[in-house]
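A.B. asks: Chain by chain, the residues:
Protein chains: 2
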Amino acid sequence: MIAEIIAVGSEMLTPHRQDTNSLYLTAGLNDLGVEMAFKTIVGDNLRHLIQAAKIAIERADVIVFSGGLGPTEDDLTREAAAAALGIELHPDPAILTALYKRFAARQMIMPPNNAKQADVLDEAVLLENKNGSAPGQYLDTVVNGHRKIVILLPGPPSELKPLFDDAVKPRLASALPPRYLARRMLRMALIPESQVDARTAPIYKQYPDVETTILAGNAEIQLHFLSAKPTLAEAQARVDELTGKIEHEMDDAIFSSHGESLEEVVLLMLGMRHLTLATAESCTGGLLAQRLTAVPNSSSAFIGGTVVYTAELKTSLAGVAKETIDSKGTVSEEVAHELAEGIRARTGASIGISITGLAGPAGGASGPDAEKPVGRIYIGLADGRQTTVKELNLMGNRERIRYWAAQQALELIRRHLL
Amino acid sequence: MIAEIIAVGSEMLTPHRQDTNSLYLTAGLNDLGVEMAFKTIVGDNLRHLIQAAKIAIERADVIVFSGGLGPTEDDLTREAAAAALGIELHPDPAILTALYKRFAARQMIMPPNNAKQADVLDEAVLLENKNGSAPGQYLDTVVNGHRKIVILLPGPPSELKPLFDDAVKPRLASALPPRYLARRMLRMALIPESQVDARTAPIYKQYPDVETTILAGNAEIQLHFLSAKPTLAEAQARVDELTGKIEHEMDDAIFSSHGESLEEVVLLMLGMRHLTLATAESCTGGLLAQRLTAVPNSSSAFIGGTVVYTAELKTSLAGVAKETIDSKGTVSEEVAHELAEGIRARTGASIGISITGLAGPAGGASGPDAEKPVGRIYIGLADGRQTTVKELNLMGNRERIRYWAAQQALELIRRHLL
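Residue numbers (my numbering), protein chains in the order written: chain W, 823 to 1240; chain H, 823 to 1240.
In short, the hints are calculated from the structure, not lab data.
Quick caveat, the model's predicted, so the values are computed rather than measured.
Treat the hints with caution; some may be incorrect.
Note: identical chains are not told apart, hence a pair may lie in one copy or across any two.
[Said to hold, decoys possible] In silico DSS-like links for lysine-lysine, alpha-carbon gap of 27 Å or less:
| no. | residue 1 | residue 2 |
| --- | --- | --- |
| 1 | Lys876 | Lys970 |
| 2 | Lys923 | Lys938 |
| 3 | Lys1212 | Lys923 |
| 4 | Lys952 | Lys938 |
| 5 | Lys1144 | Lys1212 |
| 6 | Lys1194 | Lys938 |
| 7 | Lys1144 | Lys923 |
| 8 | Lys876 | Lys1067 |
| 9 | Lys983 | Lys1212 |
| 10 | Lys1212 | Lys952 |
| 11 | Lys1027 | Lys938 |
| 12 | Lys1212 | Lys876 |
| 13 | Lys876 | Lys983 |
| 14 | Lys952 | Lys1194 |
| 15 | Lys1194 | Lys923 |
| 16 | Lys1067 | Lys970 |
| 17 | Lys952 | Lys923 |
| 18 | Lys1144 | Lys952 |
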């Protein structure tokens, strides 16, 4: 069976926005043995949308619309799908009631145009949207003697993803012949892609029935393995065998073999050792703390910290001696050292980690920092017995430098805990 | 005139790779007054490609293919374009010679299939590719009485971009009537999309010659305006007139009319008033500080703060009384109040802002917090004269609740500074 995704929204026809939902949808459809054959991106234009919908219904078996289900006049996916299929829309009373309640709960009156979100394709199953107001729709029908599965999903990823996983995939799985896929992923940080490929290619090339993909990005390398077999046991056995050999080769460069992020791994390792962590961030300005606290229940190991953006706060909130800053500059091994020890002492954490550096675009303002290049970062780690500082010289723009600095700090903690 | 981009390549139908060339091409085409109407992504499949090419030639005036011009059997764009147009390909002797020379220069023998890179659509102009072996092609023709401009470009961005800029844009510019585009964008936070639409639609509907797009996402609403006219002055005048009326209607709900982000606007306003800001974050765990410090030169107004994830740190790092936490819970108006005042006092900032709440997925652990629902957030703002606290009840998952809480905090500061 082949699929087409129609991403709806004029914003995706500008130079500024891109369809990203289709990557997620493709992964999910592939899992079910559905191959992606076309993707169409079309604006909020009824004539264009109907045209695109007709073409997709003609040439694909599974047609997924993403976007255009909102309450505005620009939201035309329902109307276009109905017109292309030659069927009617009818308002669903339960959805209409839910919409009114949603507004009432916020003590607001629902604008009349919101009611169109309750319009349903005849015969379609409504898919409850727990994260937004527009429900999805699922229609398994026959057009000109061919079975067609037409799926309407809201555009925001936070709504589309859970709806697709919880409501679409189970329905599609029972509608399609069974097929078994096994996947594994290994994640590594701060190691060049070319090195990973050189070390792993001789191994994965011996497994032509396992699809291996190396992805690099966000200061991380991912190795994806995928096998499709007549039984799940066969698929899993092949993937596990290959993964085991690659794990042996790459050893402790691998931080995760079950999908966890680097911050999750660090929090897990801290938790297992009954240790706590506190952060003192300068150039990353809370990015490290933010990444740690994005993990649910991170408070069991991460207790907090400071964002010490100015020299004064490095002294007042994290106990760095003013003389150290004056003589060595805020971007220095010495300040990173005192920051890590200072935040550890002030918070009572088992481990204190500090980041200070120049994220750019401007360089060091004055004094000892003026000579240091953009990208110079010091990361300090204090555990009460010893304090170590690592110097980094990172390349790229402000965003990249900050992200890599936080990533290096996490990797430093992970290696410290190994 | 409307355009369609056909991005060719099976890798863009996997979950891992995306078409990115089209953003660049769209910007360039918009510059020339050509509007993007459709994007199609199709694999290396001749039947699918011919089908997609026929559809594009039917519905668009300018059709740009990216990719599929290489030497392998999978490279089928030339063949598909010829078939869809009903014309022939012929080998270009000069290109063929250049290909042979290219290989000879590397002391290699050219594999026979490479010769297909010299195949040219009848009547097409060849576009020399200085960065690769496959030349581009440019065909200005008439199909069924309609003028069609068909452009073939290689897929690698390092080849496509210079070819498009140097060889395609000048040809298109002289082939098309001069037409100029003007754009504006207004940004608003924390206001429902439907409300924005209800209030602005009566205005923008009076400007059918200005394309208005409402984008919602990331706790923000964007209104995009676009007008194309024979002169830039006319286009700009229409867009400015409409933008002015919408600004008048939405008034201070608009935080930006020149593209700045909410954090940039807050930092600008603080800077203009010679004020400084410090943060004390609990559930957002550094997200607010991280967003502020992502802006270059944010240190002129943002001095730093604390991430007080545990109850103990709320006391030790931000001066919240232990009794307040014990009696009211960490998620309380009173704690937000003391946190905002505490961080202001400890850092010497003009304004202290605090965020405490339950981001989920688990609810309050024990004591007074146990009864509070996930999504309950308190934001405190202290400016030395008075301290205000706002209670929020946010919906969604942990990520969304945290982002909205930070957004609300920024909007609270902005409105405080108005």
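A.B. asks: Hints first: check each against the structure and report whether it holds.
C.D. replies: Hint by hint, here is what the structure shows:
no. : hint               : in the structure
1   : Lys876 to Lys970   : both (12 Å within a copy, 23 Å between copies)
2   : Lys923 to Lys938   : within (15 Å within a copy, 63 Å between copies)
3   : Lys1212 to Lys923  : between (55 Å within a copy, 24 Å between copies)
4   : Lys952 to Lys938   : within (18 Å within a copy, 53 Å between copies)
5   : Lys1144 to Lys1212 : within (22 Å within a copy, 37 Å between copies)
6   : Lys1194 to Lys938  : neither (59 Å within a copy, 34 Å between copies)
7   : Lys1144 to Lys923  : neither (58 Å within a copy, 40 Å between copies)
8   : Lys876 to Lys1067  : neither (43 Å within a copy, 39 Å between copies)
9   : Lys983 to Lys1212  : neither (39 Å within a copy, 31 Å between copies)
10  : Lys1212 to Lys952  : between (45 Å within a copy, 26 Å between copies)
11  : Lys1027 to Lys938  : between (51 Å within a copy, 19 Å between copies)
12  : Lys1212 to Lys876  : neither (58 Å within a copy, 50 Å between copies)
13  : Lys876 to Lys983   : within (25 Å within a copy, 33 Å between copies)
14  : Lys952 to Lys1194  : between (50 Å within a copy, 20 Å between copies)
15  : Lys1194 to Lys923  : between (58 Å within a copy, 22 Å between copies)
16  : Lys1067 to Lys970  : neither (39 Å within a copy, 46 Å between copies)
17  : Lys952 to Lys923   : within (14 Å within a copy, 62 Å between copies)
18  : Lys1144 to Lys952  : neither (52 Å within a copy, 38 Å between copies)
When each numbered hint is compared with the structure, violations occur for hints 6, 7, 8, 9, 12, 16, 18.
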